[in-house]
Amino acid sequence: MNGRHLAIALAVAALAAPFVLEGNRFLAFVFGIVMINLLWASGMNLLYGFVGLMPLMFAGIAGIAAYAMVALTREAGWSFWLATPVAAVGAAFVGVLLGLPSLRLKGFYFTLCSLVIQSVLTLAFTFFPRFTNGDTGLNQIEPPAWGGVQLAGVWFDATLSVVAVVGVLLAAWIVQTRLGQRFIAIREDDVLAEVMGIDVVRNRIIAFFIVSLYAAVGGCFYASYVGFISPRSFDVLTSLGIWLCVAFGGRGTIIGPIIGTVILAPIPYLLQELQAFKDVLSGVLIIVVTLVMPAGIHGEIMRRRSLRRAAAPPTVSAAEAVSSNGGAR
Amino acid sequence: MTDATLLVLASTLSTGLILGAIFALVAAGVTIVYGCVWLPNASNGQFFLLAALAAWSLAGAGWSSAAAIIGVLFMGIALSLVIEWVLVRRLYDVPERNVAYFVVTLGLTQIMSGIFAMSWGLWSDQFTLPPLVDGITMIGPFPMTNNRIVVLAIALGVLAVLFAALRYHPYGRALRAVFQNREAAALRGVNVRAIYRLSFLLGSSIIFLGGMLFALAYSFDLTVAWTMSVTAFAIMIVGGPGSVLGALVVGMVFGFTQAIVSIFASPTAATFSYLLAMLAMLLFRPSGLFNR
Numbered sequence: 004m005n006g007r008h009l010a011i012a013l014a015v016a017a018l019a020a021p022f023v024l025e026g027n028r029f030l031a032f033v034f035g036i037v038m039i040n041l042l043w044a045s046g047m048n049l050l051y052g053f054v055g056l057m058p059l060m061f062a063g064i065a066g067i068a069a070y071a072m073v074a075l076t077r078e079a080g081w082s083f084w085l086a087t088p089v090a091a092v093g094a095a096f097v098g099v100l101l102g103l104p105s106l107r108l109k110g111f112y113f114t115l116c117s118l119v120i121q122s123v124l125t126l127a128f129t130f131f132p133r134f135t136n137g138d139t140g141l142n143q144i145e146p147p148a149w150g151g152v153q154l155a156g157v158w159f160d161a162t163l164s165v166v167a168v169v170g171v172l173l174a175a176w177i178v179q180t181r182l183g184q185r186f187i188a189i190r191e192d193d194v195l196a197e198v199m200g201i202d203v204v205r206n207r208i209i210a211f212f213i214v215s216l217y218a219a220v221g222g223c224f225y226a227s228y229v230g231f232i233s234p235r236s237f238d239v240l241t242s243l244g245i246w247l248c249v250a251f252g253g254r255g256t257i258i259g260p261i262i263g264t265v266i267l268a269p270i271p272y273l274l275q276e277l278q279a280f281k282d283v284l285s286g287v288l289i290i291v292v293t294l295v296m297p298a299g300i301h302g303e304i305m306r307r308r309s310l311r312r313a314a315a316p317p318t319v320s321a322a323e324a325v326s327s328n329g330g331a332r
Numbered sequence: 002m003t004d005a006t007l008l009v010l011a012s013t014l015s016t017g018l019i020l021g022a023i024f025a026l027v028a029a030g031v032t033i034v035y036g037c038v039w040l041p042n043a044s045n046g047q048f049f050l051l052a053a054l055a056a057w058s059l060a061g062a063g064w065s066s067a068a069a070i071i072g073v074l075f076m077g078i079a080l081s082l083v084i085e086w087v088l089v090r091r092l093y094d095v096p097e098r099n100v101a102y103f104v105v106t107l108g109l110t111q112i113m114s115g116i117f118a119m120s121w122g123l124w125s126d127q128f129t130l131p132p133l134v135d136g137i138t139m140i141g142p143f144p145m146t147n148n149r150i151v152v153l154a155i156a157l158g159v160l161a162v163l164f165a166a167l168r169y170h171p172y173g174r175a176l177r178a179v180f181q182n183r184e185a186a187a188l189r190g191v192n193v194r195a196i197y198r199l200s201f202l203l204g205s206s207i208i209f210l211g212g213m214l215f216a217l218a219y220s221f222d223l224t225v226a227w228t229m230s231v232t233a234f235a236i237m238i239v240g241g242p243g244s245v246l247g248a249l250v251v252g253m254v255f256g257f258t259q260a261i262v263s264i265f266a267s268p269t270a271a272t273f274s275y276l277l278a279m280l281a282m283l284l285f286r287p288s289g290l291f292n293r
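Protein sequence lines, in the order shown, are assigned to chains A and B. Start counting the first sequence at 4; every next residue gets the next number (my numbering). Start counting the second sequence at 2; every next residue gets the next number (my numbering).
A portion of the hints provided could be inaccurate.
Here's a subset of chain B near chain A, in silico, CB distances under 8 Å, partners left out [to be verified]:
(1) Q111
(2) I137
(3) M279
If you are wondering where the hints come from, they were derived from the structure by calculation, not from laboratory data. Cβ atoms here follow ideal geometry from the backbone N, Cα and C, with glycine treated the same way.
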């Protein structure tokens, strides 16, 4: 039950934080960004952590949804709350279409393919400026309205908290359904999974659709929260940044991406003056995560804990168990 | 045909040859390392740019271009040794190491581009190297600078030596043996780890050389790193990962494509077409045109 208590505590903290940070607009803004990244990271974790594919076109899909949402609200006059689901589902279908052929690939070839698709999308955002305004980007994107009043300040932050908490809970739920179990089976050994009657490609497509939805919803909220998007908002560095949150925190767990996002997502905003230094830092982290701690911070903590448990003489733990039992009586 | 169109034709031809030779060189470096070590070097464009920038700095400090090139090559070998020592050798025994290597080199790309933006990027936004040799030669009615002729000769010469060395030199044969079957090569007494190190050094040095040759022939800016990475990867995938012949042929084709596209569209259009070619290849024939 420890996990459930932790989940409730984290959810309460996420929902309360906007009101605590209300006095400091900058910190509250950074918090909102962290919440969007949390949604993204928990989505990417479903594919990277549970199915075992590294989707570097993640940000591109978020970009498609964000541009579509802006076009629908500006040119068709739709409300944000209608445009976002439509844009998200549309972008998720586009994502599946783009990813469909690559789903037969795995490992390096899938990752390279997703990187190529991401680069094509970035170039497309730049060179087809009809909806994207090219490199200049779109600014003054209206925040969503709720009952005729535009969401602003603390209420927008709180909305993002709700979205992030729902996203994380949904991911936690998916993971323990039969679908999630099939994902893990595919990650562990796709050939064996196929032999056991799991349709690997079909399940990868489902995972891809869900993950694209996460990317797309996050993209729509990002556009309306920041108020400005350009091709650079959704380039490969964004994808890598989200991937790093997942890998650094600990892939394949629910808490891992949360740890990673809370630590890493604020850094670009806190180091705003030092953009180039931020690139160096994240490059170093990418290398460290890959070479030194592939299980991430969470995995490292777990490993240390189990090492300590193994190192301690068994009589101590037995004595502890007895004493705690005695305490309970 | 008028004189003007002939001139355009001739300049396209020479640009295509030079670009093609440099593309082929860099892609050969990337593909050797991938075929042997299984390391897809996503930061090849940064290596390429680093060599060009370092040569620019040395030339700025009063070195002649030839001295700068030799100096940078030695520095490049030293840097590759360090990278091999610190990063690359950690994964030699991991079976599915190409994904991990790919991610590591993506990280390296970010580190290097951050460093470039903080240093050379602040000093200038357009870089040129002084020519190796002065003067102009008339090839028929068409003028071509001696400098570009020398660049082309060096690029083609290195490619020829590389080709011959891989085929006939004992190290080249050992390298190709590891390409084809690591276990069998080890059983026949090939020191696999030494061959890994050698091919990483060789591949990286070729990429460094390619960067400097490009800098000799054309002026460049920091964005060339990204373009080169995309191009080299596209050549490697289309030509067949690990195939030096594929890198040569496809590199030449891409060089001419770039030269022709640049006449009537921005070079980015060429990059776009490489990306699409790579995508099509990945989806329909991941082993490439010239698979081994």
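Status of the hints after comparison with the structure:
The closest approach between the C-beta of Q111(B) and any C-beta of chain A is roughly 3 Å, which is under the 8 Å cut-off, so the hint is satisfied. Against a cut-off of 8 Å between C-beta atoms, the interface hint on I137(B) is violated, since the closest Cβ of chain A lies about 37 Å away. Interface hint status for M279(B): upheld, as the beta-carbon distance to the closest one in chain A is roughly 5 Å, under 8 Å.
Violation of the numbered hints given earlier is confined to hint 2; every other hint is satisfied by the structure.
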